[in-house]
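S.K.: Given next are the chains, with one letter for each unit.
Protein chains: 2
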Amino acid sequence: MGDQVGVAVGGTLYYVPLEEFKRLRSEKLSPVDQTRMFAALCRINALYMIARAGSGHIGSSFSSMDIMSWLQLQALRPSEEEGGPRDLFFSSKGHDAPALYCTLIGAGRLEFDLIHRLRRLGGLPGHPDIHTPAMVTNTGSLGMGISKAKGMIFANRLLKRDGRVFVLTGDGELQEGQFWESLISAANHRLHELTVIIDHNKLQSDTLVSKVSDLGDLEAKLRAFGWHVGRCDGNDVAAVSAALEAAGNVTDRPKVIIADTIKGKGVSFMEHTSIDSDVEFYKFHSGAPSEDAYLRAAQELIDSANRLAGELGIGAAAFETVVRPKAAVSVSQPQRLVQAYSSALIEQARKNPRLVALDADLILDTGLIPFKEQFPERFVECGIAEQDMVSQAGGMALSGLLPVVHSFACFLSARPNEQIYNNATEDTRIVYVGSLAGVIPAGPGHSHQAVRDISSLSAIPDLALVEPSLEDEVAPLLDWCLNQSAGSSYLRLVSVPTEFPAVNAEPFVVRPGWGRQLKTGRGVAFVSYGPTLLAEAIKAAGLLDGEGGNVGVIAFPWLNKVDPAWFEAIAKCYHTLVVVDNHYAIGGLHDRFAASLVANPKDGLRLRQVALDRVPECGTAGEVLDAHGMDAAGLAAAVRSLLG
Amino acid sequence: MGDQVGVAVGGTLYYVPLEEFKRLRSEKLSPVDQTRMFAALCRINALYMIARAGSGHIGSSFSSMDIMSWLQLQALRPSEEEGGPRDLFFSSKGHDAPALYCTLIGAGRLEFDLIHRLRRLGGLPGHPDIHTPAMVTNTGSLGMGISKAKGMIFANRLLKRDGRVFVLTGDGELQEGQFWESLISAANHRLHELTVIIDHNKLQSDTLVSKVSDLGDLEAKLRAFGWHVGRCDGNDVAAVSAALEAAGNVTDRPKVIIADTIKGKGVSFMEHTSIDSDVEFYKFHSGAPSEDAYLRAAQELIDSANRLAGELGIGAAAFETVVRPKAAVSVSQPQRLVQAYSSALIEQARKNPRLVALDADLILDTGLIPFKEQFPERFVECGIAEQDMVSQAGGMALSGLLPVVHSFACFLSARPNEQIYNNATEDTRIVYVGSLAGVIPAGPGHSHQAVRDISSLSAIPDLALVEPSLEDEVAPLLDWCLNQSAGSSYLRLVSVPTEFPAVNAEPFVVRPGWGRQLKTGRGVAFVSYGPTLLAEAIKAAGLLDGEGGNVGVIAFPWLNKVDPAWFEAIAKCYHTLVVVDNHYAIGGLHDRFAASLVANPKDGLRLRQVALDRVPECGTAGEVLDAHGMDAAGLAAAVRSLLG
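Read top to bottom, the protein sequences are chains Y and E. If you're matching positions, the first sequence starts at 3 in the numbering used here and goes up one per residue. If you're matching positions, the second sequence starts at 3 in the numbering used here and goes up one per residue.
Read the hints as simulated data drawn from the structure, not as lab findings. Cβ atoms here follow ideal geometry from the backbone N, Cα and C, with glycine treated the same way. Treat each hint with caution, since some may be false.
[Unchecked claim] Computed footprint of chain Y on chain E; a stretch qualifies when at least three of its residues, placed anywhere within it, have a C-beta under 8 Å from a C-beta of chain Y:
hint: 1; stretch: 210–223
hint: 2; stretch: 410–419
hint: 3; stretch: 537–544
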């Protein structure tokens, strides 16, 4: 879940080279001691990867590192030969990918040089993807892991293959209904080949699981579902080993081990147990540490590793360093839509005592902290339970409240897709706010890139889809959704602060189905929505203007509505509209324009599209926009080719 | 879930008039005795409604009747005054709507004459909808009820209103993850205002819950989630009353009562306990009884009611009768796509030992019974757990199997929407088969009318959406999905056998992005998919031809792909294509045509659309097609207006 964008750490960064892992594997150590040392080294590399990438999940990588290390080094039998025993392991939560990558790299199962390429194009995606060697399945959206494992085991049984499947889950993840849904048939089919390990680090994205949506008596719940339940200290390798061995002896049912762990384990000030109880939010869930925090953490990890090496009598490890450029100065005129939204929501809440806000464990990312502080009695933390959240909002709306529902666009548009439709058939008014919309940030990977949300929601009758492009559009559009729209709305929000070229834009007027010229031109205009691609379009227009063009740029906030009168008006200035969809080619704004245009053809007005034609890449914003032809150069080239 | 289309029962039908309910309410009886008699009368009316409608859920209406009767007559305080105590009751499963309607009608809270209009336009929808008086919320898709109730209670607390919420659920429904997801915060927030009653009748759509996906130790599970758990005989009014009273005394947590009931309770041969253990399927889940079964059941219910009236000393009830026309003779040239699919799947399974079929408790409706019988080891019954099913299929595909996943289109395209996308990013091959697609049957209501599935799935890269229109297209299209498509596919299937006018169609050739002329013409052609609307289009073309037209009809099986070369070819015959979308206006085939045409304009080729512009009505096929302008007359009128 939560995926704050951080800043890459500059200065000297430290990592453990491959040779040290080879040396460790050749030392005569007990399996437990070898694993302890291995995990100590892997923590240094995970920290390095995240610091270098500028984002990633430290807390969860560290809490799960000892478990992952034991699995990779000692427990798995990953035979590649057809017919041989083949054990599989994957993380259902997925955001602990840095730990997974480091342990695979340390175990020699993944190319070492990838350590330098976390969240980079052609490198290691922010969440696991099967196009990376050694990945078992794609994760990043929570709660799917056990279901997938069951499918793998069914296949093994049918094809008479020997193999066990180990799945790591988070504890916040257990709030997802699919987790419980998936337990039932595993017990009924006595899937003893399945071992689930819960990385029970007590924290989810925003804060303590117990504060968000307490799990209650977890052991009793799991036992009631017919599973064998073990429990251990998940940061004690010997205890993990013992719990797995005990589970291994159970052959009549699926097994789950609650591994009590510490989020951020290994770095004193990152360990959640070091959080003062007054501190509301854990800082090292996602994002990257500051330069100072990086250095202090790296030093602690190196000291610990050296101390352990001394204890084990194997000699200290050698480290390698790279010097990274300092982070760039912050952007000059950033558009921060989430902050603008945060303020606008509070203003609305002041005016309307029936407005309530619902959140699915993303209070930081969705800008809800000020709302929660000012209107605690009107804030509903639902946990990672989007279906439950959306149907709760339905019940609230039927009972006279005005619910505003928050999550990442990728999850909100898809997981409770049927629940949103069900609510829409009740003629109530609900506003759904999907943040982290679009192809950027591209670091978390495709599980988090919401690029089919317009398609999956736009057919719902009376559900208006709107997206502000600049900060000054946020409050008026929210006001329209809350107070003027005929039915419910989906407010799509780009989360990344976006440097935006200075423009002499038309004033923003809320007029359904009408666009806003950010830059006037003649002949050709880009049409898009959201700051990410409009900033590129403005830069592209600048490039083309330099070649003698006069290219317009239009922000179009209505994602499933076009007023034919607007076409009438705009056709006076332009003969070609290039719709730049921050979305897959099908089902985005271009389709709405096309449908409108064929119904009311405007002589001489042509439509072209730039959009995603494949699953989006993971990488930096620049890398990924370039790869998909959506950066300024790509957009300019598209116009040149259609004009030429 | 399951919603078999039956045939309206002809001959004499019996119902209890309003006066009898008034008389009963005025008799001096204990609350328990009054309720017993009330339920006995309501059963007669529920049977009448379903028999007259030709479809509806008898088994579940009968199992829940005693509970609903007690709630409506004795337990609820439905004060309408603002600020007064107001108790709410709704059924989360929703398909017991006939019981809900009968008890409301009997209690005088719903207009009596609606008893004659179940599943008719302007009457009582197949599943509850708030546009009917006294309905609390829209249900019909399972697992949302507790979430909605929580939202209502949150609103009550915030607005300082007094009120309790009672929710009835099914037991098969407990397989949905959202049910478990919704339990967590109810316990954490100590929602003592909430009482859930599980109609534990032991059967779900197809057969015993224990055979489909056993619930295990249900009491232990619910208790582990922190709820108060009661248990009673749900067909014993006194026991229901006692269990509710005991629950009412619990004020520190939400309450759930497991009401052990008998599916079909009240009619000996409909009671599930009368099923021989060798009988695989319960016959009275949905659909309608045969004329003979109706008469025997009505006689039994009337005898029981009279016997009870005698016991209670209140005199036998008077019944009214209506004589209904005998059912029409079966259709002449019906297109039965599900049967064709069933055979085609078996043929494919014979050729490919890695093909497996997954089902979500709709084995009857999706045509899987022959597959299960012939390939039991390759059949996976997942229960009502679509997210789990789809992710399991993902795991199977990653492990070398070829999974074919089945459910109703409305559920399959929406509830596991994100899971389908996640699978699609793994480059595996999975075929999703969504049956009950489109606006017909319209009896179950909008929860079951899949008319936005194309929109919600079509953007997924490499996911082909295809829909056969005639039986001869089913096997070739399934073959293409399983063996030739680049990625995964969604096969959209109309379930209702459709009388199809004789046509001289072109032979069917699988050619992605190309249509098939069913009737050649000149100038104007209808383009559609699936037998329902194509049959109407052919009839409309006949009407127009009679007025001097020469209207073509084209079946277009590719819902998210158009080959521009096909436009090139078809533009030689037609100047106007009228796309008839069995779908909402946005996101259907028309949008694909429009997007293709604006990219490659064909001079003189116009596009028009007939589609749903609002949530579809509930009613008979004829009523609903007429209401939406999609029957032959409506389609012909659309063409006349665009030509005129």
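S.K.: So which of the earlier hints does this model not fit?
M.R.: 3
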